Every structure is written in structure tokens, then in C-alpha cells.
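Enquirer: Start from chain A and add chains B and C according to the hints.
Protein sequence lines, in the order shown, are assigned to chains A, B and C.
Just so we're on the same page, our numbering is the position in the first sequence counted from 1, plus 1252.
Just so we're on the same page, our numbering is the position in the second sequence counted from 1, plus 131.
Just so we're on the same page, our numbering is the position in the third sequence counted from 1, plus 1155.
Incorrect hints may have been included.
[As the list claims (entries may be wrong)] Going by beta-carbon spacing under 10 angstroms, a handful of chain C positions derived as facing chain B:
1. L1190
2. L1237
3. G1239
4. F1249
5. G1250
6. I1256
7. S1257
8. A1259
9. V1260
10. L1332
11. C1336
12. I1338
13. D1420
14. F1424
15. L1431
[To be verified] Interface residues of chain B toward chain A, partial, derived using beta-carbon atoms under 8 angstroms:
16. A305
17. P310
18. N321
19. L328
20. E338
21. R443
22. R444
23. F447
24. G449
Hints were generated in silico from the structure; no laboratory data involved.
Fair warning: this is a prediction, and the values are worked out from it, not measured in the lab.
Every residue gets a Cβ at the ideal spot worked out from N, C-alpha and C, and that includes glycine.
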Amino acid sequence: MARWSGRRGGTPGGRLRRRERVLVLVKPDEARETAARGELDAAERPAADMLVVDDLAKAYGGVRAVDGVTFRVPAGAMAGLIGPNGAGKSTVLGMIAGAIRPDRGEILLDGANIAGSTAVSTARRGVIRTFQTASVFSKMTVLENLLLGAPPSPGERLRSSFIGRRAWRRAEAEQVEQARGLLARLDLTAHADSYAGELSGGQKRLVEIGRAMMAQPRLLLLDEPMAGVSRMLAAPIEALIDGLRASGITVVLIEHELGLVERLCSPVIVLAQGRVLKQGEMAECRADPEVRRAYLVG
Amino acid sequence: MSAATQYYTITILVYICANVIAAWGLDLQFGVTGVLNFAFIIFQAVGAYTAGVLSLGSSSGNGGFEQYIGGANLPFPLPIIGAMLAGAALAAIVGLIALRRLRSDYQAMVMLVVSVVATTVVTAETGLANGAAGLSLVANPMYGLAGLSRQTQSWIFVAFCIVVMLVVGAVMYAVVYSPHGRVLRAVRENEHALEALGRSATHSRLEVFVIGGALAGLSGALLVEFIGAWAPSGWLYPETFVFFTAVIVGGRGSVAGVAIGAALIGVGIQQAVQYLPIGSDPTVLAAAEWIITGVLTLVFLWVRPQGLLPERRRRFAGGSGVVTR
Amino acid sequence: MEVFVSAVGFGLVTAALLAISAVGFTLQFSVTNVLNLAFGSVMTGAGFVAYGLNLSGMNIWLAMIIAALCGGVISVLMNTLLYGPFIRHGMTLFGMVIVTISTAVISDHVIEAAVGPSFFSYNAPAGKALHFADFLLTRQDLTVIAIAVVVTLVTQLTLQRTRLGKSMRGLSVNPSLARACGIPTRRIVNFAWFGSGVMAGLGGVALFLESSTFSATTGSDFLIVIIAAAVLGGIGSARGAVLGALIVGIVTEVGAAYWDPQLKDVLAFAVLILVLLVRPQGLFPQLATERAVVG
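Excised from the complex, chain A in its bound form:
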């Protein structure tokens, strides 16, 4: 099973002990039980916060899209990032993911500062993101899309096309099996060999999230997962995200659908005009007068 690199940082006084992490799509009730029994493997973390964002800023020309954003996300939590359009949510996400270079600030992933890293190296550290428009590989099958979600394996090297075929064929078969299992969970088995570009918006979103899950991320960034999703698929996608929360992956979720945020997210971080207005539970945010003024209605 492939593992993520990420040797730097960790607890002071020692390297982080890495554990084999098996992605288990746990049903919510099951998860609550096992958590209560204290057996949920993935929740064991030496550091308390998986993600700490400190004084993050980015300006475009004269416009300060992000102007000193600070928040923290505990390990295993599903944080909601909400705010009006133009508040800087996607920019913050982009900076965490490494797609945008911050002007200043720190981004601590499990203690290690990743601010300014490239998208590729950030992903290799276990930070996986989805995009506002579901970014599937259109002229590749759904199965291939999922396979590409798995962490980069030695089989993908150029030389593996010629030598060591038996080894990577076996690894690939395992990944295929894992992907098929995921497809069953996503109710997309019938589309395993369909080109991803031919699916509906909601189905593409399912594939995109499934692909992110194949990556076994430490931190998952979901950028408006409900955007472009028909009502028919909204419930399965929400269930999927709920399952993610239950399995203990740390998630940061940008969403406009506040109902979903209320049901699933804790903490909730409210952004407006590039700054954090409030961080707390959804109920607190609803009650806060400043937040109400900027964004929430009732």
C-alpha cells in the first residue's frame, strides 16, 4: 500500500511515526460506535491540529483577495469555509493546495510549514483537493480516473513500461480492485468503463471525490462539491462526504449550501473580504451579528 512522503516537521523531538492508513468508508453510525470505543485508528494523531493557517495573505494588483486569514482545523474534523462571493475562500484553498503562492503567512500541515510549496509537492504530502468544476479526465474511463487518484506508484515510471512488469501488474490489479470497491460504494459500477467526460455533473463530482479518496489524503480540500450537481445526486454526494467525515480524514469544505454545512461541518469558519469573521460552531456563527450583516440571513 503506497504511503505519502512528508518527513519534515511533526512533533518536536522526533519524526512523526507514520502509520499504514487504510481508507475505510465507514458508515456514520458505525463510526460513532467505534469512536466511542476509542478504536478508530485514523483518529490517533500526536498533533492536535492537522491544519493551521496563520496570517495568510494574497493580493492581486491592488485587490487584497486574502488579507490576513488565520484559523485552525483539528485532526479528523470537517471544517466548513463559508462566506459571500469574493470573500477569498477559493484563494485560501488554492494557497493551501499549493496552486497559488501566498504573499505572506504560514500553512502548517501537521506542524510542517508548506506555504509556498508547489501543487505537486503539496499533493505528495497528502493534501488532495477538488475543483469548483469537477475536474475529471474526460477521455479516460472512470476506472482510469480512479487509478490516477492513487498515490504515485513506481509502476508509473517510464522504465516500468519495460522492466518489472510483473510487479506493477500486480500492484495495478490491487488498485483496480480497490477502485471497483469504491465504484460500488459510489453506485457507479455500471460506468466503470465509460469515458468520464460523458457523465453528468453530479456523477463527475462523485468520480472526482472518489478519486481524491483513492489518494488516501491526510487533508482533503473540497471546493464547492455541490456546485453543478442535480438534486438527484445531491443526497448521495452528501452521504459520501458524511462518510468521509466519519472515517477520520481532515476535511476543509467550501460550500454555499449552508444546510449541508450546518449538518456536517464543525468548526465553521466565516470569511468576508479576505478576513476571518468568526470561527466556531454553525449556531454561534448564525447568532453573531457581524456575520449576519455580512452574509447569513437568519
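Expert: Here is chains B and C on its own, set in the frame of chain A:
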């Protein structure tokens, strides 16, 4: 077979082999990975020049009627290997400088300009590769085989070209239909999504640029050793367009498809125009070749952009094998 | 010093040639987002129309006007019959590059088949070389410069002052918004193609005038230099195109005077590549982001 028919067949076969190898190189770059190499022809040219220079010997020999840099009298197959290395090296340099995150049509323009610069410089600086006159008197390596007729030697060269083509084909299959090939296609489909999954698109693009450059160089070496000569008029910037047509018509990303496309476009059109009722004026024939190539590209882009033999859908073992839609 | 000044003088003429075409090229691109690599073919076509008229006795300047109008019509036809349909068919940006190159290849070789591979020249006396302040320019040169100035002014005025121009600029900045505001997209696009086609025609005839001889590929060969000027100035900006034309024109002529005349185009290209690598938006960036093509 009469001598004339033999020569005709030999020529066609060699050209087909060289064109197919080159088209595979461009397919790896453009068809599979989506790299817009509008300067493709210069890599074939550098291979031809290198192979020529490495087999002609020093330029002061032969009475010094050709000027060029370098020069060695290397035995077969070293000039060909040198050509591949030259193609790869030039691709590495051009790739590092010119493969940028520009929008696709800009990128195409940058490459076009590189191509034009190359022909201009080589034509003007006669010391590099004998300027506009180009290299000549490059000997076919098989002509050195003692005790055989010229025709037999030529057929041996053909056999050699075919073997090389088959080997390159096997390499292409191995790369394109492997997990590595999957990553390359993902670069073509959505490089930002791929980078968000921890793979470097830049790395992949440079890699196929270099491999494609080597294949182009190999193709050039085979051609120059058969034709015996190579000049800038033969590798002006529009020549790249012919290879793009071969890839588009044959089938982007399909190894067999591109081979068919290369054979049809490179050699097929050239033969076909001779049967058209347009007389035998060479200018008109040449113009007709270009016009047909252009029209074919447009027709295929409109009617069948996936090409004659489209890229195969990858399937995996297990599952019910049912495909919806 | 005289060499320098006269080189600058020649540079001005080259710049004028470039300016006429570069403004047309950049206008086409900014309004429709199509990098029309068949622009050079339109120039060649118009140039030969003028040649035919000139051969039958017409004054070259009158022939130029007619040829320019032909250029406009041909461009509109190209878009209506070819580019537009492909765009609506869903062609990507790069796909359109291949479409325009195919069109260029077909056009150039149709012209070549028609006129033959030989070289031609106009029956147009260049006039005496006029000396002033070390510049060595013929009346023909001065006329070309005058045409360039007029074209630039008219374009600038149209874009800034008229409703048509404002619509074009709106379309170039935000096509969907423009459409939503009720701007008659199709008509504006056709105007843009016609106008730039006229400039291609003027540029083509001017190019043929200033070249000692011309052939079926002269226009397309010059296109790369035009692209260099347009991109240097910032593709999409008419002002930028003129500035780019001035820089490229003068740099290449001065370079040819002091260095190797055969490599003067290489200088222009080296400048272009440098600009594309260091500052791809050019000097006056108008189009910062990628957008869909306008149908």
C-alpha cells in the same frame, strides 16, 4: 521485378518507415501528452545533419566543398545513434526554454518561431551545415557491404529500416499502454487535476519532448542515409504540419492509427497526386499535395477528429464488462 | 552615424508595413480570439489581386484599394464558411490553430498553383529617393508610412470613439457579457473580420511594393514577423501593435546594417521569444486570461 520497380518499392518502403517513426514521435508528444510541438521538423533535421556529419568525415576532406561543424567517419550504426542523441539533446534545450505555461495557441506560435529561426540560422551560417546547399554525398551504410549488388544492398537497408520501425513500434506500445502512458494522457486531459494528484505535468512534457526528439532524429538519420543529401529547403516550418495531419488523420494516441496515418499522408498522397488529372508540372503536383493534406486535415477535424483508428479504450480485468452508453 | 540614421529610416518603412498588418492581426485576435495563421495568405491573395489589376494597366494605388476591399471580403468569407462553423462545432483553441494553418496551407498553394513558382514585381515606379536629415526614402516609402499612420489613426478612433468600436472592445473583454447586453455579436464579429481583412489587403500590397520581388509565399513568410510585432506590443492592443512594429522594424533594420543582413529576421524572432518567455502578455497587456473563442 524490374530494376525500376525495385527502386520505386525500396524508396516507398524507406520513406514509410521514416515517416512512421517520426509520426510516432509527434504522437507521443501531441497525441498522447498534448504537447504542441510546432517545431517538430527541426528535430528530424538535426538528426539528419548529425548522421550526415558523423559519416562524411572531416569537412576539409573531399576537397572541402562542403562546410560543416564536426565531422567524423564513424562506422554504422554510430551515426544513427548520434542522430538520436542529437535529437534528444536539442529537444532538451528547446524544451527547457520554450515549453512554458502559455495558452495553447501562444505555445504553438513560440514553437513556430523557433522553427523559422532554425532554418534562417542554418541557411545563413554556412559554416554550420553548408547553408542553403546543405549536405550531400552522404553514403548509405549498406553500400559498404562487399560482394553484393547495389540492389541487394538497398534491400538490406530497407530490411534494416523495417526492423527499426518494428522495434520503435514495440517501444511505443509498451509506453502508451502502460501506467506511465496513463499519466501522459492525463497531462493531455487535465494537467491541473493531475498536478493536484501529485504528478508533475512539466516533468512528463519534457520527457516526451526528449523521447519524441530522439525518434525524430532517428527518422532523419534513416532518410539522410538513404537520400544522401539534406538541405534547409526540405525542412521548412510547414513540414511539421504534414506530421500533424498524419497524427490527426491516423488517430491521436493510437499507435497503429498513427502508423497508418503516416503511411497515407506521407507517401500515399505523394503517389496519389500523380494519378490526378492535373498534368505533370512538378509545381502543380507539389501544390496539389499540400492542398490535399490541408483539406484532409480540415475534413477529419470536422467529421472524425478521433482519426481513422481511434485511441483504444482501456479496460481492466474483473467487473462485469458491461459498458453503459 | 549616417548608416544608423538611414537604417532607422528603413526601419520606419518596415515598421509601417508591420504596423498596418499587425494592427489588423491583433484586432482580429482581440475581437474573435482566433489566432488566424492564414492572415498572411490573405495578404498574398490581395497582393496578387493588385498585381493582376496593375498588370492590366491600373495605377498601383487604386489597385491597392480594390485589393484591400477584396481582402476584407475574403476574410469575412473565411470566418463565415470555415472558422465560425468550426468554433460552433466545439473546436478548442489549439484545434483552431490547426484549422487556420490548414487554411493557410491550402490558400498559399492554391495561389501558387495559379500563379506559378516564379517571382513577380509590380509595375510601380518607386520615385526618386528623397534626402532629408540623412533619411533616404522614396515617395513610395513615404506613402506607405502615410498609409500606416492613417490606418492606425482610423483604427484608434473607431475603437475609442464609435459605438462599433466600443462594441468591439466589449466583445474582446467579455464576450458573454457583451452578448447579454444585446450587442449584435455576429455583426460586430463580421465587421472585425472585414476591417482586419482590409488591413491585411493594404499590408499585403504594401509588402509586395516594398519587396523587390514577391511570390506566393511572401505573405505567409512575413506573417511570423507580424506576429512578433503584435505579440511584443501585447496581443489585443492596437497601440501595442504599432509600438511593437516600431521596435521590430527599427531593431531589424539597424541590426541588418551593423550585423549580418541575413540574420535580421532572427533578431526579431529572438526578441519575440524573449518577450514570450519573460512577459507573455507583451508591453500593453490587454488579454490576461484565457477565454473561449467568440462564434
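Enquirer: Run every hint past the structure and note whether it holds.
Expert: Going through the hints against the structure:
This hint holds: C:L1190 has a C-beta 4 angstroms from the nearest C-beta of chain B, less than the 10 angstroms allowed. The closest approach between the C-beta of C:L1237 and any C-beta of chain B is roughly 8 angstroms, which is under the 10 angstroms cut-off, so the hint is satisfied. Evaluation of the C:G1239 hint against chain B yields a violated restraint, the C-beta minimum of about 13 angstroms exceeding 10 angstroms. At a threshold of 10 angstroms, the smallest CB-CB gap from C:F1249 to chain B is about 4 angstroms, leaving the interface hint in force.
The interface hint given for C:G1250 is met, as the beta carbon of that residue sits about 7 angstroms from the closest beta carbon of chain B, less than 10 angstroms. A cut of 10 angstroms between beta carbons decides the hint on C:I1256: the least distance to chain B is about 6 angstroms, and the hint holds. The beta carbon of C:S1257 comes within 4 angstroms of a beta carbon in chain B, closer than 10 angstroms, and the hint placing it at the interface holds. Residue-level restraint check for C:A1259 holds (minimum Cβ-Cβ distance to chain B is 8 angstroms; threshold 10 angstroms).
Hint status for C:V1260: holds, given a least beta-carbon distance of 4 angstroms to chain B, under 10 angstroms. Interface restraint check: C:L1332 against chain B, minimum CB-CB distance 21 angstroms, threshold 10 angstroms, status violated. Below 10 angstroms, beta-carbon pairs count as interface contacts, and C:C1336 has none with chain B, the closest being about 26 angstroms; its hint is therefore violated. Here the hint on C:I1338 is broken, as its CB sits about 24 angstroms from the closest CB of chain B, past 10 angstroms.
Hint status for C:D1420 relative to chain B: holds, with the closest Cβ pair at about 6 angstroms, below 10 angstroms. Of the supplied interface hints, the one on C:F1424 holds, with its beta-carbon coming within about 5 angstroms of a beta-carbon of chain B, less than 10 angstroms. The beta carbon of C:L1431 comes within 5 angstroms of a beta carbon in chain B, closer than 10 angstroms, and the hint placing it at the interface holds. The interface hint given for B:A305 is met, as the beta carbon of that residue sits about 5 angstroms from the closest beta carbon of chain A, less than 8 angstroms.
Among the interface hints, the one on B:P310 holds; its C-beta lies about 5 angstroms from the nearest C-beta in chain A, closer than the 8 angstroms criterion. Interface hint status for B:N321: upheld, as the beta-carbon distance to the closest one in chain A is roughly 5 angstroms, under 8 angstroms. Because the smallest distance between the Cβ of B:L328 and any Cβ of chain A comes to about 6 angstroms, under 8 angstroms, the interface hint for this residue holds. Against a cut-off of 8 angstroms between C-beta atoms, the interface hint on B:E338 holds, since the closest Cβ of chain A lies about 7 angstroms away.
Interface hint at B:R443: violated, since its Cβ lies 11 angstroms from the closest Cβ of chain A, which is beyond the 8 angstroms cut-off. The beta carbon of B:R444 comes within 6 angstroms of a beta carbon in chain A, closer than 8 angstroms, and the hint placing it at the interface holds. Interface restraint check: B:F447 against chain A, minimum CB-CB distance 5 angstroms, threshold 8 angstroms, status holds. For B:G449, the suggested interface contact is upheld, since its CB lies about 6 angstroms from the closest CB of chain A, less than 8 angstroms.
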